[in-house]
Amino acid sequence: MPEHSASTSNHSPFDPTLDAPISARATEVSSLSPVAGPARHVALVEGSGPELGDELALILRTRLRAAALVLFLGSGMFLAYGLYSPAPAREASLLLTAFHVVLVLVLGSTALFLCARCPGRLNRLRWLELLVFGLTAAFFVVMQHEAFAHYAKTHQPMSLMAMMKAVITYWYALIFTYAIFIPNSPQRAAPVVGLMAAAPVVGTLLARQKFALVAEVADMNQMVEMVMMMVIAFIAAIYGIYKMGALRREAYEARQFGQYRLRERIGAGGMGEVFLAEHQMLKRPCAIKLIRPTQAGDPRALARFEREVRTAARLSHWNSIEIFDYGRAADGTFYYVMEYLPGLSLADLVRRHGPLAPERVVHLLTQTCDALTEAHAMGMIHRDIKPGNIFAAQRGGVYDVAKLLDFGLVRPVATTADLQLTLEGSITGSPLYMSPEQALDESPDGRSDIYSLGAVAYFLLTGRPPFEAAKPLQVLFAHAHQEPTGPAAMNGDVPDDLDRVVLRCLAKQPGDRYQTADELKRALEDCCCAGHWDSAAAAAWWQEQAGREPALAEV
Numbered sequence: 007m008p009e010h011s012a013s014t015s016n017h018s019p020f021d022p023t024l025d026a027p028i029s030a031r032a033t034e035v036s037s038l039s040p041v042a043g044p045a046r047h048v049a050l051v052e053g054s055g056p057e058l059g060d061e062l063a064l065i066l067r068t069r070l071r072a073a074a075l076v077l078f079l080g081s082g083m084f085l086a087y088g089l090y091s092p093a094p095a096r097e098a099s100l101l102l103t104a105f106h107v108v109l110v111l112v113l114g115s116t117a118l119f120l121c122a123r124c125p126g127r128l129n130r131l132r133w134l135e136l137l138v139f140g141l142t143a144a145f146f147v148v149m150q151h152e153a154f155a156h157y158a159k160t161h162q163p164m165s166l167m168a169m170m171k172a173v174i175t176y177w178y179a180l181i182f183t184y185a186i187f188i189p190n191s192p193q194r195a196a197p198v199v200g201l202m203a204a205a206p207v208v209g210t211l212l213a214r215q216k217f218a219l220v221a222e223v224a225d226m227n228q229m230v231e232m233v234m235m236m237v238i239a240f241i242a243a244i245y246g247i248y249k250m251g252a253l254r255r256e257a258y259e260a261r262q263f264g265q266y267r268l269r270e271r272i273g274a275g276g277m278g279e280v281f282l283a284e285h286q287m288l289k290r291p292c293a294i295k296l297i298r299p300t301q302a303g304d305p306r307a308l309a310r311f312e313r314e315v316r317t318a319a320r321l322s323h324w325n326s327i328e329i330f331d332y333g334r335a336a337d338g339t340f341y342y343v344m345e346y347l348p349g350l351s352l353a354d355l356v357r358r359h360g361p362l363a364p365e366r367v368v369h370l371l372t373q374t375c376d377a378l379t380e381a382h383a384m385g386m387i388h389r390d391i392k393p394g395n396i397f398a399a400q401r402g403g404v405y406d407v408a409k410l411l412d413f414g415l416v417r418p419v420a421t422t423a424d425l426q427l428t429l430e431g432s433i434t435g436s437p438l439y440m441s442p443e444q445a446l447d448e449s450p451d452g453r454s455d456i457y458s459l460g461a462v463a464y465f466l467l468t469g470r471p472p473f474e475a476a477k478p479l480q481v482l483f484a485h486a487h488q489e490p491t492g493p494a495a496m497n498g499d500v501p502d503d504l505d506r507v508v509l510r511c512l513a514k515q516p517g518d519r520y521q522t523a524d525e526l527k528r529a530l531e532d533c534c535c536a537g538h539w540d541s542a543a544a545a546a547w548w549q550e551q552a553g554r555e556p557a558l559a560e561v
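Residue numbers (the working numbering): 7 to 561.
It should be emphasised that the hints constitute simulated quantities derived from the structure, not laboratory data. Treat the hints loosely; a few may be bogus.
[What the hints assert, rightly or not] Now the in silico label distances, taken between C-beta atoms and shown as ranges: (1) Val404 - Arg528: 19 to 27 Å; (2) Val107 - Glu270: 38 to 46 Å; (3) Leu136 - Arg358: 47 to 55 Å; (4) Asp524 - Ala252: 55 to 63 Å; (5) Leu118 - Ser191: 25 to 33 Å; (6) Ile241 - Thr160: 34 to 42 Å; (7) Trp133 - Arg320: 51 to 59 Å; (8) Gln521 - Leu288: 39 to 47 Å; (9) Asp524 - Val404: 20 to 28 Å; (10) Leu479 - Ala252: 17 to 25 Å.
[Stated by the list, open to error] Distance condition first, Cα-Cα at most 30 Å in a straight line; then the derived DSS-like pairs of lysine-lysine: (11) Lys514 - Lys477; (12) Lys171 - Lys159; (13) Lys289 - Lys171; (14) Lys216 - Lys159; (15) Lys527 - Lys514; (16) Lys249 - Lys216.
Beta carbons: idealized from backbone N, C-alpha and C, even for Gly.
Using the sequences and the accompanying hints, generate a full structural model.
Here it is in structure tokens:
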């Protein structure tokens, strides 16, 4: 999990299907639960109408606002043209002009109302949809009747013929504005679009009964042509709605992994990306890391990663990241599901606020030692301990809960089969926090993690890693052969006993370090600053920061 893979920012609602109800068709992915054992196939849970109400309301508000703006601009331009044209094509009645003014005001007011931050309920938005399109359609009906009556009474057959063509254009614009902007299913859109397509035909038929000139101009050929044009508009609009719905369903299904729905990307690093997701049934936020075949490169690397995730899923300590599930999608993408952590990685914590107080460093690292103690007892070596892989999280109302993340490089005691999955000549880990034995490509053990944790402690106390250089190989050489400057020399607030603990962790020879994570924990607890930082102090600090930084408001 990358350094910024958990976030505390407010996440906007996501767009599951946008309009059409989800079909019964489900895409299968292979899911391997850490507790279930054998692989199984899990159908995607695609939601139902009531559950998607909030998301549909959001997209409907955005689309309806855009449609209202388009119609407002169009009707406004025609109103201005009719009022200020020096030679108008026809004289509009006072009633039609007043109706036109009302339409423009209503469309503009609706667009302005929908610009407000309050999303509104779905039922209210549907009523606004009816107002926007219903009022516009009513205006077209009145305009068509007024125009036909005017040209029939003044005996203008050519203008009447031109108006018949223009009426088709007006209704086409309204039909396709509705089809493009309003989220719909074909079943729901069909009666609405059908009424719009029938309106000019019915209006012309009624005018034929009332005005002789209309009956003469709108002969059988003209009526057949009008009907054909409106049928084409109806079919094209409904087909377009169907195709857009199908594309959205495909996009929606592409964002599903097992019982989890992806919401947004919150990090990237290593071989994959991390997404904020939600369990379909439990509505529980979680983080999903995706490793696509194209990112993994060698299929053996993906197989090794899957093996390591399966191993890491056995960890159950409070200070280790909890893995809920893992599996493969139909396209070969490997994913695993972790708990979502509100908080900051230690890398981000130092980057934002500078070196941490020694007592806080001891508080966080003793918890990390507990997580490592369980992992080492199970024969697992993390191999990539760094500030970005330790989180200061809020869990169960407790602040500064240390969480050891990203066991993607965790390595159990190797078997013959496992060795075949390990790429020869590869160096795994982060150079700035890598142990000498890793730098020299030797076989690491649990004491390698002790070294890396000491390097993390150095960073937390001083704001910089033990060794820095322009090139990674220079950093690796320093880890293997150079002695670091003590953190107390870099930060005068570091007590001498804590300085000695950190430097012992950074000993070049594994035998000179603390031999177990539990031994390191006891050494940290014996430091003079131990116990001066607790959950109450952590809560006060986070609450103070929440008032300063909106990004920390959820912590």
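How the hints compare with the structure:
1. Val404 - Arg528: 19 to 27 Å: holds (22 Å)
2. Val107 - Glu270: 38 to 46 Å: The hinted range 38 to 46 Å holds for valine 107 and glutamate 270, with Cβ atoms some 44 Å apart.
3. Leu136 - Arg358: 47 to 55 Å: Since leucine 136 and arginine 358 have Cβ atoms about 50 Å apart, the given range 47 to 55 Å holds.
4. Asp524 - Ala252: 55 to 63 Å: Hint holds: Cβ distance 58 Å, inside 55 to 63 Å.
5. Leu118 - Ser191: 25 to 33 Å: holds (29 Å)
6. Ile241 - Thr160: 34 to 42 Å: Taking Cβ atoms as reference, isoleucine 241 and threonine 160 lie about 37 Å apart, which means the hint holds.
7. Trp133 - Arg320: 51 to 59 Å: For tryptophan 133 and arginine 320 the Cβ distance comes to about 55 Å; the hint holds.
8. Gln521 - Leu288: 39 to 47 Å: holds (42 Å)
9. Asp524 - Val404: 20 to 28 Å: Holds, at about 22 Å.
10. Leu479 - Ala252: 17 to 25 Å: violated (52 Å)
11. Lys514 - Lys477: The hint holds at about 21 Å.
12. Lys171 - Lys159: Within the cut-off at roughly 19 Å; holds.
13. Lys289 - Lys171: Status violated; Cα separation ~54 Å.
14. Lys216 - Lys159: Between lysine 216 and lysine 159 the Cα gap is close to 11 Å, so the pair holds against 30 Å.
15. Lys527 - Lys514: holds (20 Å)
16. Lys249 - Lys216: The given pair, whose Cα atoms are some 42 Å apart, is violated under the 30 Å limit.
Violated hints, listed in ascending order, are 10, 13 and 16; each of the other numbered hints is respected by the structure.
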